[in-house]
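There are 2 protein chains.
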Amino acid sequence: MKRIVECIPNFSEGRDRNKIDMLVSAIAGTDGVEILDVSSGEAANRTVVSFKGSPEAVTEAAFKGVKTASEVIDMRFQHGEHPRTGATDVLPLVPIEGISLEECALLARNLAERIYSELGIPCYCYEAAALKPERKRLEICRRGEYEALADKIADPERRPDFSPDTFTETAAKAGATVVGARNFLIAVNFNLDTSSAEIADEIAREVRESGTTVTEPDGTRRRIPGTLKGCKAIGWYIKEYGIAQVSMNITDINATPLHRAFLEVSRSAAGKGVKVTGTEIIGLVPRQCLLDAAVRLLGLDDLAPFDLTKKLI
Amino acid sequence: MKRIVECIPNFSEGRDRNKIDMLVSAIAGTDGVEILDVSSGEAANRTVVSFKGSPEAVTEAAFKGVKTASEVIDMRFQHGEHPRTGATDVLPLVPIEGISLEECALLARNLAERIYSELGIPCYCYEAAALKPERKRLEICRRGEYEALADKIADPERRPDFSPDTFTETAAKAGATVVGARNFLIAVNFNLDTSSAEIADEIAREVRESGTTVTEPDGTRRRIPGTLKGCKAIGWYIKEYGIAQVSMNITDINATPLHRAFLEVSRSAAGKGVKVTGTEIIGLVPRQCLLDAAVRLLGLDDLAPFDLTKKLI
Numbered sequence: 001m002k003r004i005v006e007c008i009p010n011f012s013e014g015r016d017r018n019k020i021d022m023l024v025s026a027i028a029g030t031d032g033v034e035i036l037d038v039s040s041g042e043a044a045n046r047t048v049v050s051f052k053g054s055p056e057a058v059t060e061a062a063f064k065g066v067k068t069a070s071e072v073i074d075m076r077f078q079h080g081e082h083p084r085t086g087a088t089d090v091l092p093l094v095p096i097e098g099i100s101l102e103e104c105a106l107l108a109r110n111l112a113e114r115i116y117s118e119l120g121i122p123c124y125c126y127e128a129a130a131l132k133p134e135r136k137r138l139e140i141c142r143r144g145e146y147e148a149l150a151d152k153i154a155d156p157e158r159r160p161d162f163s164p165d166t167f168t169e170t171a172a173k174a175g176a177t178v179v180g181a182r183n184f185l186i187a188v189n190f191n192l193d194t195s196s197a198e199i200a201d202e203i204a205r206e207v208r209e210s211g212t213t214v215t216e217p218d219g220t221r222r223r224i225p226g227t228l229k230g231c232k233a234i235g236w237y238i239k240e241y242g243i244a245q246v247s248m249n250i251t252d253i254n255a256t257p258l259h260r261a262f263l264e265v266s267r268s269a270a271g272k273g274v275k276v277t278g279t280e281i282i283g284l285v286p287r288q289c290l291l292d293a294a295v296r297l298l299g300l301d302d303l304a305p306f307d308l309t310k311k312l313i
Numbered sequence: 001m002k003r004i005v006e007c008i009p010n011f012s013e014g015r016d017r018n019k020i021d022m023l024v025s026a027i028a029g030t031d032g033v034e035i036l037d038v039s040s041g042e043a044a045n046r047t048v049v050s051f052k053g054s055p056e057a058v059t060e061a062a063f064k065g066v067k068t069a070s071e072v073i074d075m076r077f078q079h080g081e082h083p084r085t086g087a088t089d090v091l092p093l094v095p096i097e098g099i100s101l102e103e104c105a106l107l108a109r110n111l112a113e114r115i116y117s118e119l120g121i122p123c124y125c126y127e128a129a130a131l132k133p134e135r136k137r138l139e140i141c142r143r144g145e146y147e148a149l150a151d152k153i154a155d156p157e158r159r160p161d162f163s164p165d166t167f168t169e170t171a172a173k174a175g176a177t178v179v180g181a182r183n184f185l186i187a188v189n190f191n192l193d194t195s196s197a198e199i200a201d202e203i204a205r206e207v208r209e210s211g212t213t214v215t216e217p218d219g220t221r222r223r224i225p226g227t228l229k230g231c232k233a234i235g236w237y238i239k240e241y242g243i244a245q246v247s248m249n250i251t252d253i254n255a256t257p258l259h260r261a262f263l264e265v266s267r268s269a270a271g272k273g274v275k276v277t278g279t280e281i282i283g284l285v286p287r288q289c290l291l292d293a294a295v296r297l298l299g300l301d302d303l304a305p306f307d308l309t310k311k312l313i
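For the record, the sequence lines run as chains A and B.
In this text, residue positions in the first sequence follow this note's numbering: the first is 1, and each later residue adds one.
In this text, residue positions in the second sequence follow this note's numbering: the first is 1, and each later residue adds one.
In short, the hints are calculated from the structure, not lab data.
Don't take each hint at face value.
Treat identical chains as interchangeable: a pair holds within one or across any two.
To be verified - Derived pair list, reagent style DSS-like, types lysine-lysine, alpha-carbon separation capped at 25 Å: (1) Lys311 <-> Lys67; (2) Lys232 <-> Lys311; (3) Lys310 <-> Lys2; (4) Lys67 <-> Lys173; (5) Lys310 <-> Lys136; (6) Lys19 <-> Lys229; (7) Lys152 <-> Lys239; (8) Lys311 <-> Lys173; (9) Lys311 <-> Lys272; (10) Lys275 <-> Lys2; (11) Lys239 <-> Lys272; (12) Lys232 <-> Lys173; (13) Lys272 <-> Lys19; (14) Lys64 <-> Lys232; (15) Lys229 <-> Lys132; (16) Lys64 <-> Lys272; (17) Lys239 <-> Lys173; (18) Lys275 <-> Lys173; (19) Lys136 <-> Lys229.
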């Protein structure tokens, strides 16, 4: 079975074309990886590279990217709108095919260890790779940004997971990198046959995990949870399309497959007298999600389980 | 892009395990092909091997299978329930991925030419590979079966497309092979929430290409065509499931994608007060068909075309 991992390093350089090219080349020059996307922001002063490949190829390419970033970016002189704590700021690994989140977490920890031992760059491990529960959240690892790093390294409580105990020259230049593993996130908008952003927002509140907050007659506020685990959603009106959409991030595609979100938004919409006319995918969607959607929407699993590994040609 | 062809040789041997193993080994021993299925019938005295791979690997493996069949099967002593005209009776190539039916037709003609020039076995070309319009139909090529072959070879009108003009020792032993190219066929049953085979059959007649024949008040009979091109269908009741099904062969999956058949059968069923509760696939279904189904059923192409080659990871 093919094993495919995606990696999305966020580098703290979004202005100097020459340096950005060097970062991308360091990754693209590794055998067996494929660049999917490069997005640079001038104001953010940040470049997000998306690439994929085998676990071995991806971690090797990620290491080369981190090494190059530590050479071409000097955090002592880096400023931008986007929060950051290192030249390679955050480095998530995402399981795509034939590999579990847990395996990606192990890869991420090994990568963090290698970055520290070979390059001397302090690393936090976050999300599924976190070594301390509170460090699951990126915001916690990055708290205080680069400017707080010297203090954090000196404090055993806040020191990165792989780190010297003093603020070395290397740490001063490269900052710290937050390495982790997370599930693939699907960014999706469901098109409605209405232009009412209000209706779209009502649907979003009904389905998103965080739900909605209502005020009781006695003035107390109460949260009513939504129906879809691992989903964030809002409603909006898109002028260029002339329609309202339920805009959703599915952050846990195992808990809520794409087709389940589609069916649930459709159900909620029907209750409000509107229809889902289509689905807009922002960025990429795993092939597996579309195959799973076809199985469920055609009802291929109606009489017996449908084994995608044996029934496809 | 990967180019994948399926090949389904039908060999006129379904009883001798040793000979069947030799046929399968000849194919499986070719680099780059994957055996998908082997089905032998004793009464039919026939073995159907399904395998896939690149165009080059598949035609090489098919040639080896034909060669082996001509060595281990002697048509002068072969009998079985299934009609047949050769040791390798029929040999279709099917486009699966990255290749067109027309390209498979060319491969089939080249393969037929090679089988005749290197092995001396007469070959007909059928379906998309036919060199004469009437030979599109397998039944025409096989008419009279093996027993008529000597006369057919002697007759310029009925002689195989690649053939000697006399009934050689090789032709007598191996018979003739019918080589061709056809589209993948999907065998599918749509489950209904009724046990009425009558309703299922009404739906089948409404959607299948051949439609239904009605008798007018004046006694004349008139055919009303169905709504789905390239589809054959009947209705039946399946005792083990306790439900009726619309049982369909989609012989032209480009004219009628699987999801279109699903939607049309669902529409027709709704008009009769019943529902399609699921879809049963007999055998294999092309991965591409499920991806196309997901695009349509989720409405990923609602606002703009959805490019599966760029949006999947």
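Okay, the hints, checked on the actual structure:
1. Proximity of Lys311 to Lys67 under the C-alpha cut-off of 25 Å is found in neither arrangement, the shortest distances being 44 Å within a copy and 30 Å between copies.
2. Within a single copy, Lys232 and Lys311 get their C-alpha atoms only as close as 34 Å, which misses the 25 Å cut-off; across copies the closest is 22 Å, which meets it.
3. With identical chains, the CA atoms of Lys310 and Lys2 are at most 25 Å apart both within one copy (15 Å) and between copies (19 Å).
4. Only within a single protomer do Lys67 and Lys173 lie at most 25 Å apart by alpha-carbon distance; the minimum there is 12 Å, versus 70 Å between protomers.
5. For a Cα distance limit of 25 Å, the shortest separation of Lys310 from Lys136 qualifies neither inside one copy, at 37 Å, nor across copies, at 32 Å.
6. Taking the shortest Cα distances, Lys19 and Lys229 never come within 25 Å of each other, neither inside one copy (40 Å) nor across copies (56 Å).
7. Taking identical chains as interchangeable, the C-alpha atoms of Lys152 and Lys239 are never at most 25 Å apart, the minima being 46 Å within one chain and 71 Å between chains.
8. Neither within a single protomer nor between protomers do Lys311 and Lys173 lie at most 25 Å apart by alpha-carbon distance, with minima of 54 Å and 37 Å respectively.
9. Taking the shortest alpha-carbon separations for Lys311 and Lys272, neither the intra-copy value of 39 Å nor the inter-copy value of 31 Å comes in at or below 25 Å.
10. For a Cα distance limit of 25 Å, the shortest separation of Lys275 from Lys2 qualifies neither inside one copy, at 39 Å, nor across copies, at 39 Å.
11. Taking the shortest alpha-carbon separations for Lys239 and Lys272, only the intra-copy value of 22 Å comes in at or below 25 Å, while the best inter-copy value is 41 Å.
12. For a Cα distance limit of 25 Å, the shortest separation of Lys232 from Lys173 qualifies neither inside one copy, at 36 Å, nor across copies, at 70 Å.
13. For a Cα distance limit of 25 Å, the shortest separation of Lys272 from Lys19 qualifies neither inside one copy, at 52 Å, nor across copies, at 66 Å.
14. Taking the shortest alpha-carbon separations for Lys64 and Lys232, neither the intra-copy value of 34 Å nor the inter-copy value of 57 Å comes in at or below 25 Å.
15. Only within a single protomer do Lys229 and Lys132 lie at most 25 Å apart by alpha-carbon distance; the minimum there is 24 Å, versus 61 Å between protomers.
16. Neither within a single protomer nor between protomers do Lys64 and Lys272 lie at most 25 Å apart by alpha-carbon distance, with minima of 52 Å and 64 Å respectively.
17. In this assembly of identical chains, Lys239 and Lys173 lie within 25 Å of each other by CA distance neither inside one copy nor across copies; the values are 45 Å within and 74 Å between.
18. Taking identical chains as interchangeable, the C-alpha atoms of Lys275 and Lys173 are never at most 25 Å apart, the minima being 54 Å within one chain and 66 Å between chains.
19. When the C-alpha separation of Lys136 and Lys229 is checked against a cutoff of 25 Å, the pair qualifies only within one copy, where the shortest distance is 18 Å, while the shortest distance between copies is 55 Å.
Of the numbered hints given earlier, the model fails hints 1, 5, 6, 7, 8, 9, 10, 12, 13, 14, 16, 17 and 18; all others are met.
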